[in-house]
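Could you build the full structure based on these sequences and the hints that come with them?
Residue numbers (my numbering), protein chains in the order written: chain A, 116 to 365; chain B, 3 to 422; chain C, 13 to 327.
It is possible that part of the hints are untrue.
Said to hold, decoys possible - Straight-line Cα separation of at most 16 Å, EDC-like style, residue types lysine to aspartate or glutamate; simulated pairs:
{"#": "1", "chain 1": "C", "residue 1": "Lys123", "chain 2": "B", "residue 2": "Glu345"}
{"#": "2", "chain 1": "A", "residue 1": "Lys313", "chain 2": "A", "residue 2": "Glu297"}
{"#": "3", "chain 1": "A", "residue 1": "Lys311", "chain 2": "A", "residue 2": "Asp352"}
{"#": "4", "chain 1": "B", "residue 1": "Lys208", "chain 2": "A", "residue 2": "Asp188"}
{"#": "5", "chain 1": "A", "residue 1": "Lys311", "chain 2": "A", "residue 2": "Glu147"}
{"#": "6", "chain 1": "A", "residue 1": "Lys339", "chain 2": "A", "residue 2": "Asp188"}
{"#": "7", "chain 1": "A", "residue 1": "Lys311", "chain 2": "A", "residue 2": "Asp330"}
{"#": "8", "chain 1": "B", "residue 1": "Lys208", "chain 2": "A", "residue 2": "Asp229"}
{"#": "9", "chain 1": "A", "residue 1": "Lys339", "chain 2": "A", "residue 2": "Asp125"}
{"#": "10", "chain 1": "A", "residue 1": "Lys339", "chain 2": "A", "residue 2": "Glu147"}
{"#": "11", "chain 1": "C", "residue 1": "Lys123", "chain 2": "B", "residue 2": "Asp354"}
{"#": "12", "chain 1": "B", "residue 1": "Lys208", "chain 2": "B", "residue 2": "Glu196"}
Unchecked claim - To be clear about the criterion: a stretch of chain C counts as covered by chain B if any three or more of its residues have a C-beta under 8 Å from a C-beta of chain B, and this derived list gives those stretches:
{"#": "13", "stretch": "99–107"}
{"#": "14", "stretch": "190–198"}
{"#": "15", "stretch": "235–247"}
Claimed, not checked - Which residues of chain B face chain C? A partial, calculated answer using Cβ under 7 Å:
{"#": "16", "residue": "Ser26"}
{"#": "17", "residue": "Leu56"}
{"#": "18", "residue": "Tyr115"}
{"#": "19", "residue": "Leu126"}
{"#": "20", "residue": "Gln133"}
{"#": "21", "residue": "Gly289"}
Treat the hints as calculated values from the structure; they're not laboratory data.
We put the beta carbon where it would ideally sit given N, CA and C, even for glycine.
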Amino acid sequence: MSTPVLELRDVHKAFGAARIIQGAELAVARGERHAVIGPNGAGKSTLFNLISGMFTPSSGEIRLAGRRIDGLDANAINRLGLSRSFQITNVFARMSVFENIRIGVMARHGIRFDLLRRAAAMRAVNEQAQALVERVRLAGRRDTLAGDLAYSEQRALEIGMTLSTGAEVILLDEPTAGMSREETAHAVELMRDLTKDKTLLVVEHDMDVVFGLCDRISVLVYGKILATGTPAEIRADRRVQEAYLGEEAA
Amino acid sequence: MRRHHLLLLVLVALPLLVLPPFLSLGLQNTLVSMLVAALFAVSFNLLMGQGGMLSFGHAAFFGIGAFATLHLMLAVEDGLGVPTPLLPLAGGLAGLGLGLVAGYFATMRAGVYFSLVTLALAELLHTLAPQWDGMFGGEAGMSSMRMPWGGLVFGSVLEVYYLSLAWVALCLLLLWAYTRTPFGRLTLALRDNEQRVRFMGYDTHKARLVVFAVSAMFSGVAGGLLAFSNEVANYTTFGMPVSAQVVLHTFIGGSTVFLGPVVGAAVLTLFAFFVSDLTRSWLLYQGVLFVLVMLYAPLGIGGIVELHLRHMRELRWRALAGPYLGAAVAGLLIAAGFVFVIESLAVLFSSDYAVLRRDAGGLPPFPFLGTEWQPLSPLTWLAPLLAMAAGGWLASRAGRRIAPLWDEARRVHTQGGETA
Amino acid sequence: MLMEFLVVSVLNGAIYGMLLFMVSAGLTLIFGMMGVLNFAHASFYMLGAYIAYTLSALGHFWLGLLLAPVLVGLLGVLVERFLLRRVHAFGHAHELLLTFGLAFIFEELVKLFYGNFPVDYRMPEALRFTAFTVFGTDYPFYRLFIGGTAIAMFALLYLLLSRTRVGLVVRAAERLPQTAEALGHNVPLVFMGVFGTGAALAGLAGGVAGAFFPTSPNMALELGVIVFVVVVVGGLGSLEGSLLASLMIGLFSSFAVGLDWSLAGALDAVGLGGWAREMGGLMTTTLSSIAGSVPFLLMLVVLLLRPAGLMGERS
Numbered sequence: 116m117s118t119p120v121l122e123l124r125d126v127h128k129a130f131g132a133a134r135i136i137q138g139a140e141l142a143v144a145r146g147e148r149h150a151v152i153g154p155n156g157a158g159k160s161t162l163f164n165l166i167s168g169m170f171t172p173s174s175g176e177i178r179l180a181g182r183r184i185d186g187l188d189a190n191a192i193n194r195l196g197l198s199r200s201f202q203i204t205n206v207f208a209r210m211s212v213f214e215n216i217r218i219g220v221m222a223r224h225g226i227r228f229d230l231l232r233r234a235a236a237m238r239a240v241n242e243q244a245q246a247l248v249e250r251v252r253l254a255g256r257r258d259t260l261a262g263d264l265a266y267s268e269q270r271a272l273e274i275g276m277t278l279s280t281g282a283e284v285i286l287l288d289e290p291t292a293g294m295s296r297e298e299t300a301h302a303v304e305l306m307r308d309l310t311k312d313k314t315l316l317v318v319e320h321d322m323d324v325v326f327g328l329c330d331r332i333s334v335l336v337y338g339k340i341l342a343t344g345t346p347a348e349i350r351a352d353r354r355v356q357e358a359y360l361g362e363e364a365a
Numbered sequence: 003m004r005r006h007h008l009l010l011l012v013l014v015a016l017p018l019l020v021l022p023p024f025l026s027l028g029l030q031n032t033l034v035s036m037l038v039a040a041l042f043a044v045s046f047n048l049l050m051g052q053g054g055m056l057s058f059g060h061a062a063f064f065g066i067g068a069f070a071t072l073h074l075m076l077a078v079e080d081g082l083g084v085p086t087p088l089l090p091l092a093g094g095l096a097g098l099g100l101g102l103v104a105g106y107f108a109t110m111r112a113g114v115y116f117s118l119v120t121l122a123l124a125e126l127l128h129t130l131a132p133q134w135d136g137m138f139g140g141e142a143g144m145s146s147m148r149m150p151w152g153g154l155v156f157g158s159v160l161e162v163y164y165l166s167l168a169w170v171a172l173c174l175l176l177l178w179a180y181t182r183t184p185f186g187r188l189t190l191a192l193r194d195n196e197q198r199v200r201f202m203g204y205d206t207h208k209a210r211l212v213v214f215a216v217s218a219m220f221s222g223v224a225g226g227l228l229a230f231s232n233e234v235a236n237y238t239t240f241g242m243p244v245s246a247q248v249v250l251h252t253f254i255g256g257s258t259v260f261l262g263p264v265v266g267a268a269v270l271t272l273f274a275f276f277v278s279d280l281t282r283s284w285l286l287y288q289g290v291l292f293v294l295v296m297l298y299a300p301l302g303i304g305g306i307v308e309l310h311l312r313h314m315r316e317l318r319w320r321a322l323a324g325p326y327l328g329a330a331v332a333g334l335l336i337a338a339g340f341v342f343v344i345e346s347l348a349v350l351f352s353s354d355y356a357v358l359r360r361d362a363g364g365l366p367p368f369p370f371l372g373t374e375w376q377p378l379s380p381l382t383w384l385a386p387l388l389a390m391a392a393g394g395w396l397a398s399r400a401g402r403r404i405a406p407l408w409d410e411a412r413r414v415h416t417q418g419g420e421t422a
Numbered sequence: 013m014l015m016e017f018l019v020v021s022v023l024n025g026a027i028y029g030m031l032l033f034m035v036s037a038g039l040t041l042i043f044g045m046m047g048v049l050n051f052a053h054a055s056f057y058m059l060g061a062y063i064a065y066t067l068s069a070l071g072h073f074w075l076g077l078l079l080a081p082v083l084v085g086l087l088g089v090l091v092e093r094f095l096l097r098r099v100h101a102f103g104h105a106h107e108l109l110l111t112f113g114l115a116f117i118f119e120e121l122v123k124l125f126y127g128n129f130p131v132d133y134r135m136p137e138a139l140r141f142t143a144f145t146v147f148g149t150d151y152p153f154y155r156l157f158i159g160g161t162a163i164a165m166f167a168l169l170y171l172l173l174s175r176t177r178v179g180l181v182v183r184a185a186e187r188l189p190q191t192a193e194a195l196g197h198n199v200p201l202v203f204m205g206v207f208g209t210g211a212a213l214a215g216l217a218g219g220v221a222g223a224f225f226p227t228s229p230n231m232a233l234e235l236g237v238i239v240f241v242v243v244v245v246g247g248l249g250s251l252e253g254s255l256l257a258s259l260m261i262g263l264f265s266s267f268a269v270g271l272d273w274s275l276a277g278a279l280d281a282v283g284l285g286g287w288a289r290e291m292g293g294l295m296t297t298t299l300s301s302i303a304g305s306v307p308f309l310l311m312l313v314v315l316l317l318r319p320a321g322l323m324g325e326r327s
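Below, the structure written as structure tokens:
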């Protein structure tokens, strides 16, 4: 296997006496769709927060395309090509859908502190933002305030915003949480379409989504990666069944 | 929408350009204060309404602008060749400079802690200024004179007014242009959700600092205009009342609309001028108005107007006319009753009345509104209380009829958005 | 000479610190429990002083001390129930703005009824005696009375919050409002009680201290800002922190007034005093003249380096 695009080596994170992540090892290959599953409290969200720069690891290394990113600020990590979504919808509630997306597209074009041109005159940015609005199927809601969207629409916008900065590695945190069966199917299709030439790392509780969408799966239990493999391998792994799937099936 | 803006501009700009020469000197002075307050409030609101940062120490930047301009005016008196109309620029530069330093620290914090940092910074200057003769002229403050330039004497209030009008118009235009730039859009995103902006690749500390510094810069120009007009300033320019006034202007006018703070500053400054001879309780009414806005109309005057414009087509105006009229009458009744009570109390508790009471050896009737009122007569107090009660009843009745009409308009509005 | 300066400064500073503590205790309580930064808090202190003044002018000093906290506490309850609760949903900034408007109103109402000048609120003759004499200076008993009230207040609050169920419920209501609600605690009632108690404490402080320090419509604004310094430095929400910060600022203020230290003086030690004096400006500014600024500098440093304050729990 070529060098992984995202790699965690012996990552630890403790909050006071609580050791949440205890030596996590993970390697995500370029272009794959990789899921992290695990029982509640296993540390999945913390793992995402460490990778995306919300927290700094207590020890260990995190590399993005070979470059150390642990300890960097979230905005720097995003600029290096890793973008994440949030479990609780995290949009700009009083701005339109289009503007929500455009903020990210602006960052992709390096337009950050520009006070000398009209936003409406940024042709490439506006076109790309419009295209992305259409790809997340919110064209009909282009000018609706994000706070006024229905829940599943907000989730779609959430994914759109994560993609908008043009990052190569996409982290999605429970993208289908709280959705109906129908909405979930819709969302899976959307994710598959949107991440075609990207690397995807996703935390997900819905096993249908995980097995249907992802190439490989890592199982996180008590802050450690218990096993990594294809869906078939994971299904067959007895340790995983004991730790996680069995409990879920019961 | 475009045509509305143009019409509005003409309606506002024309009187501002044409009327002042025909007004009294006092009113001309008040108009200068109004322009200064308007610019200050819009600058403040760039930080608050657009950037989501509530500053309780904006007097710092207003004040530093005033002192910087006075320093430059003194230099011009000594022969420095700066054109007089450009003097407020010194205020802008000083505001920018202090804004960059203060903002660097203040934007390290968010929410209540941000407000506390700004408050502490302004108080620091406020307490330091009277001790610092060279910079702020000590307790007495500083003064200077406007020098003639290019055939203009700048001796009359009118000249000062037109120069202020030009400066304020230019600054408001720049601040409006700001909202249309990419960074202006980013500013709104910072207000809504700073964390998300960070995770989309922006250094939010730096971004918030820029917003802060721009706001401080225009506040400095406003302070500079004040110094230019008054030719004096002292340490009280840094005081809490100045920081408080801009908060009141902004929220009463409406912080969600670009021109809301202008409305607030204009309404309150003009009202203060017209009623200051009639009552000493003006600040009390202003406080009550502010609290009422916070409780019942958090969008402020500007926000309410904007809401109506946005739902222009969906609202059933004919059905609304009756209840709106009722609400207006209710408001008048309540205000009249309240003002009557307060003004009567002001008379009764005044030192003049204390003398009257001592001479009469009891509670003599007090003069108010051209007649005499018995302080112990139930009629004196029952009338205003009845007016207020009737107003309250009328208001709740009107409110009950207005609410469903608005619900309907909102529903139609969002559905329209969906099908579009 | 030095000993006299030390003792007198400590005695004066401690009493001023105690006054600061009495007012800031309620403020920090309200912030800690409800997250509301109450701008009207010093106004409650002022109202307490004016209520006590009114009654003492009628010859009922002690009744005034009793009614000041009761009436102000009641006012606090009404403010919480009918005003703050209405805007709670809009967030903390909105609550802060509302109390800010109320501070405005209270000040103007006081001016309306009592005039825009200090009133002559005095302690009764029976309390006007010297407790002891140090270095030839008489130390008034009333200062001890103020200090005693503050200490009693601290002890009572501390016991209430740490040793009784009340403290437990209040803390639960703040941290996990839903859980507390589910456990059958009436969270809105708890908040109302906390706000009322905080207001009552400020009212009592006003009643007691107003008879010693000036009672005027400016007292709220003057004390209000410095009380913010105290709660920030002590740690928003920490009672012990408030006590510590109050004493610190009280002692500092009283010492600084008597000290003519300056940067130039300090530079004398390294032989640069002469140069510094030529520079003038800040170099020759004495500590006593900038004593008023130091608390705000301290507040800034704390906010920037340790926003949780000296004794705060969270950062």
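Against the structure, the hints:
1. C:Lys123 x B:Glu345: 13 Å, holds
2. A:Lys313 x A:Glu297: 25 Å, violated
3. A:Lys311 x A:Asp352: Answer violated: Lys311 of chain A to Asp352 of chain A is near 28 Å, above 16 Å.
4. B:Lys208 x A:Asp188: 13 Å, holds
5. A:Lys311 x A:Glu147: 9 Å, holds
6. A:Lys339 x A:Asp188: 24 Å, violated
7. A:Lys311 x A:Asp330: Holds. Lys311 of chain A to Asp330 of chain A sits at ~12 Å (cutoff 16 Å).
8. B:Lys208 x A:Asp229: Satisfied, since the Cα-Cα distance of roughly 13 Å is no more than 16 Å.
9. A:Lys339 x A:Asp125: 9 Å, holds
10. A:Lys339 x A:Glu147: 21 Å, violated
11. C:Lys123 x B:Asp354: Holds: Lys123 of chain C and Asp354 of chain B sit about 15 Å apart, inside 16 Å.
12. B:Lys208 x B:Glu196: This hinted pair holds, its Cα atoms lying about 12 Å apart.
13. 99–107: Holds, because 5 residues of the stretch 99–107 of chain C bring their Cβ atoms closer than 8 Å to Cβ atoms of chain B.
14. 190–198: Since three or more residues must qualify, the claim that chain B covers the stretch 190–198 of chain C is violated, with 0 doing so at under 8 Å.
15. 235–247: holds (count 4)
16. Ser26: Check failed: Cβ of Ser26 of chain B comes no nearer than 27 Å to chain C, outside 7 Å.
17. Leu56: 5 Å, holds
18. Tyr115: 5 Å, holds
19. Leu126: Constraint on Leu126 of chain B satisfied, holds at 4 Å.
20. Gln133: This hint holds: Gln133 of chain B lies near chain C, its Cβ roughly 5 Å from the closest one there, short of 7 Å.
21. Gly289: Holds: closest Cβ of chain C sits about 4 Å from Gly289 of chain B, inside 7 Å.
Comparing the model with each numbered hint stated earlier shows that hints 2, 3, 6, 10, 14, 16 do not hold.
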